[in-house]
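First to last, the sequence lines map onto chains A and B.
Counting from 1, position 99 in the first sequence corresponds to residue 98 in numbering that gives the first Met the number 0; the numbering is continuous, with no gaps.
Counting from 1, position 63 in the second sequence corresponds to residue 62 in numbering that gives the first Met the number 0; the numbering is continuous, with no gaps.
Relax, there's no trap hidden among the hints.
Restricting the straight-line Cα-Cα distance to at most 27 Å, the calculated cross-link-like pairs of lysine-lysine (DSS-like) are:
1) Lys-58(B) <-> Lys-100(A)
2) Lys-68(A) <-> Lys-19(B)
3) Lys-58(B) <-> Lys-72(B)
4) Lys-19(B) <-> Lys-100(A)
5) Lys-23(A) <-> Lys-4(A)
6) Lys-100(A) <-> Lys-68(A)
7) Lys-4(A) <-> Lys-68(A)
8) Lys-58(B) <-> Lys-19(B)
9) Lys-19(B) <-> Lys-4(A)
It is worth saying that the hints were derived from the structure and are not from the lab.
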Amino acid sequence: MMLIKLQNISSTTVDVPGKGMVLKPGATMWANDLTADLQTAIEGGFLEIIDQMSPGGEELPDGVVTPQKLSTALLDRYVVVDWGDPEVVNPTTQRVSIQLKNLINGDIAAAHTLRITCDDQANMTVGEHGDALSGDGTSDLIARTDSSGQLDLVVTCDQAIIVSMAAGPTQMSPMLDCRIGCDVSFT
Amino acid sequence: MPIQDAVSPVQKVTTDELAKEFADNFGIVNWGTPGAEAVDAIAVALQLTNPLDDDLLVKERIRLTCTTGATMKLAPAGAGTVLSGDDSDDIIIETDEATGSFDLEVTYAGAGTVTVVGGATQGSGFVHCGQSVDLTFAGE
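Just chain A, with the same shape it has in the complex (with noise of 0.2 Å):
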């Protein structure tokens, strides 16, 4: 629920209709809700938004925008890909996860195309969860998450190095922070 708070900008005292109270000039109240009452007066220019409250509860000054003010279709405009950590399946087999994630580190549940590269002495192929579109078992993969937002990637490697992992964008790709990326190590 957003809450916004309303000052009487007028020079006179204010019957705040419907709320059983008054404001003095200058003073605010939270209202939880934009009735009829309150719309009418601040068309009549008696009162006026100066604040609002966010979700979380954090009080966030007007004029004041952070990712957490923006709604859940904005948020999720801005994708932002988050590796999980490495798992050992074999001596030269490896797991690792991509979770989309938004600004406010919330998954993001939608199918999404990406660029995945890594070291060329290695080969990626895609697991349990997403589509490889091209590019399946070599070291230049574009694969498309699944409806969760995860991409499962198995890396193989024979050599003793560490393994650089980066995700880019590529055609469909929606617009995307890649700069995290993961690092893999056979030694």
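Dock chain B against chain A, hints included.
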């Protein structure tokens, strides 16, 4: 006055209202003024800014391509790192983490204009590369 106007201070979001930590999620590639040509080479600086026009002091990976026949590399003692393609017309660079900049040097033996464009690549964040830079070589 409709209610939309009454609540516009909250409903209408402008770039200037972005909190810095939010704005810093988004990088914009800006090009400085190219230097003078010297020995078939021109230096030009790339600087990241956020949507508030503040310098963005982060390490960002960007792919740079330029007109065929020219080559690109890090300017001597310049800021930033070339990750791949050094001395070619297709390089991947990393901006300097302390400044958000990359000092590019472009070499072209002929006379004419060399255009350099940036783009997102593997390991990039939210980066806007809508601005290119044209370098004019006299072919001395």
